[in-house]
Amino acid sequence: MNHSDSKFSFRYTLGERTFGFVDLADLMAKATPARSGDRLAGVAAQSAEERAVAQMTLADVPLKLFLEELLVPYEVDEITRLIIDDHDKQAFFPISHLTVGGFRDWLLSDLATSEMLTQIRPGVTPEMAAAVSKIMRNQDLIIVAKKCHVKTAFRNTIGLPGHLSTRLQPNHPTDDLTGIAASMLDGLLYANGDAVIGINPATDNVQQATRLIKMMDDVIQHYEIPTQSCVLTHVTNTLECIEQGAPVDLVFQSIGGTQATNDSFGFNLANLAEAQAAALSLKRGTVGNNVMYFETGQGSALSANANHGLDQQTCEARAYAVARKFSPLLVNTVVGFIGPEYLYDGKEITRAGLEDHFCGKLLGLPMGCDVCYTNHAQADQNDMDNLLTLLGVAGCTFVMGIPGSDDIMLNYQTTSFHDALYARRALGLKPAPEFDAWLAKMGIFKNNEQFVLNQQLPDAFYKPLNRLIGGQ
Amino acid sequence: MGTDDAKNLMDSTPSSEPPSSEAVTENIWHKLNAFTDARVGLGRSGISVPTKHLLAFQLAHAQAIDAVHTHLDSKGLATQLMAQDWAPQSAPLFLHSRAADRAIYLQRPDYGRRLDDESARLLDEHQASYPQGYDLVIAVVDGLSSLAIEQNTQPFLNALFSILGNQSPSWTIAPLCLVEQGRVAIGDDICERLNAKCVLVLIGERPGLSSPDSLGLYLTWGGKVGYTDAYRNCISNIRPAGLNYQEAARKAFYLLKEAKQLKLSGVKLKDRSDDDLVIDTGHSTRNFLTASD
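Protein sequence lines, in the order shown, are assigned to chains F and B.
The numbering used here puts the first residue of the first sequence at 1, with every later residue one more than the last.
The numbering used here puts the first residue of the second sequence at 1001, with every later residue one more than the last.
Everything labelled a hint here was simulated from the structure, so no lab data went into it.
Hints are supplied without guarantee of correctness; some may be wrong.
Dumping the calculated DSBU-like pairs for lysine-lysine here, alpha-carbon to alpha-carbon at most 35 angstroms [to be verified]:
#1 K430/F to K1052/B
#2 K1268/B to K214/F
#3 K1031/B to K430/F
#4 K1270/B to K283/F
Computed footprint of chain B on chain F; a stretch qualifies when at least three of its residues, placed anywhere within it, have a C-beta under 8 angstroms from a C-beta of chain B [unchecked claim]:
#5 176-184
#6 218-227
#7 258-267
Backbone N, C-alpha and C define an ideal beta-carbon position, used for all residues, glycine too.
Extracted from the complex, chain F is given alone in its bound form (with noise of 0.2 angstroms):
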């Protein structure tokens, strides 16, 4: 655990060269594809070919290391004691011999069948992850995540194979009621909301909260929807709503791979359990218990001067270690947010995004993705269209579904309800049964088995739209 300790510095010899690694932390930043986070941070690779011999170099590096030399200090950080300390050693024990590079050829091999993935699960670290994503090529990434199986539940089942979930996320810059139901209506006709309808909240305070969080439970109710809701504000406010009796669905948290990111999102691993726990109070799932909803997205550390030295990905695999703790219904990479000071242009978001799906998936969670862009990134809607095509083919739990990819209140464009049933129609994935189940009740969709939607207004709408708009 000794840094400076000589036995864990890495040498690698090119013909008369030789090419040096302070320790873990910089072996795994310079062998991590290229990206602008990893440049501001100072840690990323100086060269094609210093960045090739890194990942020569970590391939070689056994799994077993990465439980002794700790990238963040035990002592300073909660997350590096909760992968410590929940390391389940038997689980680990059927890829203990590994090298990285082993570990990527046993993960590709037909060793790692769906159930043996599962199994090894609780001894993957977060780490170990990010290491060996870091020398599989985006179809590496994919084929693996494919086989990773996570299923979870509240009022629905998700991630079931040949699935895909969508989160209607019909926000609005003033929280306006009409306009959020507009936004809710759309997107229900469009066969989106399975995995959650969740709201970002433009005014972030309790109240507002616990407005938004009954206005959602008034319509799942009404329509008897079987889906859950949540207002994405922070975890200390949610638990103030949950006191004061509002009808909460799911607990969201942004989350990041350091203590001290959390630290600077103003909340704490026993914040989350306070959380967790009075949500499961409420007893308001109807299939399953997982009442948990985090985000995160690669340089939340970097932006909160909470990186310790560790290149981006490595800090968001971390995050996973937190968000498996509390088995959430839903983990989102918002990938392509942050901006183009961490992820570039469009290839860095599309390998980030892919990346990310991967160690999530790799590590139990049921990991859905923002596929997005903002309007200062080097990225436009075909990168979207690429990257949610390849995350379909992955097998990714859930994406975002919105108006015309246009969010009107966090300025940023994600993919649409549209491209929900494009990924739908051409790669065969379906809603979570009971959501299909409801959207063929509801006459939403024609052909449940051709994702076609009706051509007329489902009946139970008609009046709703007419009361507002029957008039104009």
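For chain F, the structure is supplied; the task is to place chain B on it using the hints.
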């Protein structure tokens, strides 16, 4: 209307949109556009976005990209602000971050959070003349949309000072600080150097497709270099089509008053500015999807 959603509402008033081809299914609920800027009821070609909406989106994206790169006219804005009756007596301070230009700004947020040497010296000199400091410094920062700053700064500050100007004891206000190529945290650098108790940052937010002009507010009590977001309170989406100036000013004043009293800001300072409003809880979640006739 061809394959339009066939169930007519009321008398099926004809759409103002030009007739579409048979291949496009219109959505009768596109009329919800009257109630939101969200791109609802776009209709579909199969399950895909119809051509006219695809092209409209591409245009909006092109305009948003262009907006990111428009330069803030600090001098022009300062002249405009100094003509207001609430304007501080001292001359405004023109500041610049360590990001030399927009390209560097976009890739190096760390540079955008700190003042360049000349700006730091300017503030240090000012502080030497006013060592007693101020209750509040207002930093106007271009951020990612100079359009948001140029359009919203004056009306918002007019609304804020109509409340703040009437307080007793009165608040001492530092000279206006106008910052180019800045990020939110540069306010902490300014706050610390001017020995101000509190900083309010007005900053151009990330442009959206429908909102290239959104202003954000960030309040920090006792701002110091290195402070994280946990120390800040935020009010977002201030613009004509978003949170209006009076409402934003009311919320901002609430936070300022609470911060001054509690001597803190951020996560520990909850925005309860709406708690004393009279809200009929029986109808507060009312909307057309669940309202009864």
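Evaluation of the provided hints:
1. Distance check on the hinted pair: K430/F and K1052/B sit about 29 angstroms apart at the alpha-carbon level, within 35 angstroms; holds.
2. Between K1268/B and K214/F the alpha-carbon distance is near 25 angstroms, which keeps this suggested pair within the 35 angstroms criterion.
3. For a cut-off of 35 angstroms, the pair hint linking K1031/B to K430/F stands: about 29 angstroms separates their Cα positions.
4. In summary, the hint linking K1270/B to K283/F is supported, as the alpha carbons are separated by about 28 angstroms, within the 35 angstroms threshold.
5. Counting residues of the stretch 176-184 of chain F whose beta carbon lies closer than 8 angstroms to any beta carbon of chain B gives 9, which reaches the threshold of three, so the coverage claim holds.
6. Judged by the Cβ-Cβ criterion of 8 angstroms, the stretch 218-227 of chain F is covered by chain B as claimed, because 4 of its residues qualify and three suffice.
7. Counting residues of the stretch 258-267 of chain F whose C-beta lies closer than 8 angstroms to any C-beta of chain B gives 4; at least three are required, and the coverage claim holds.
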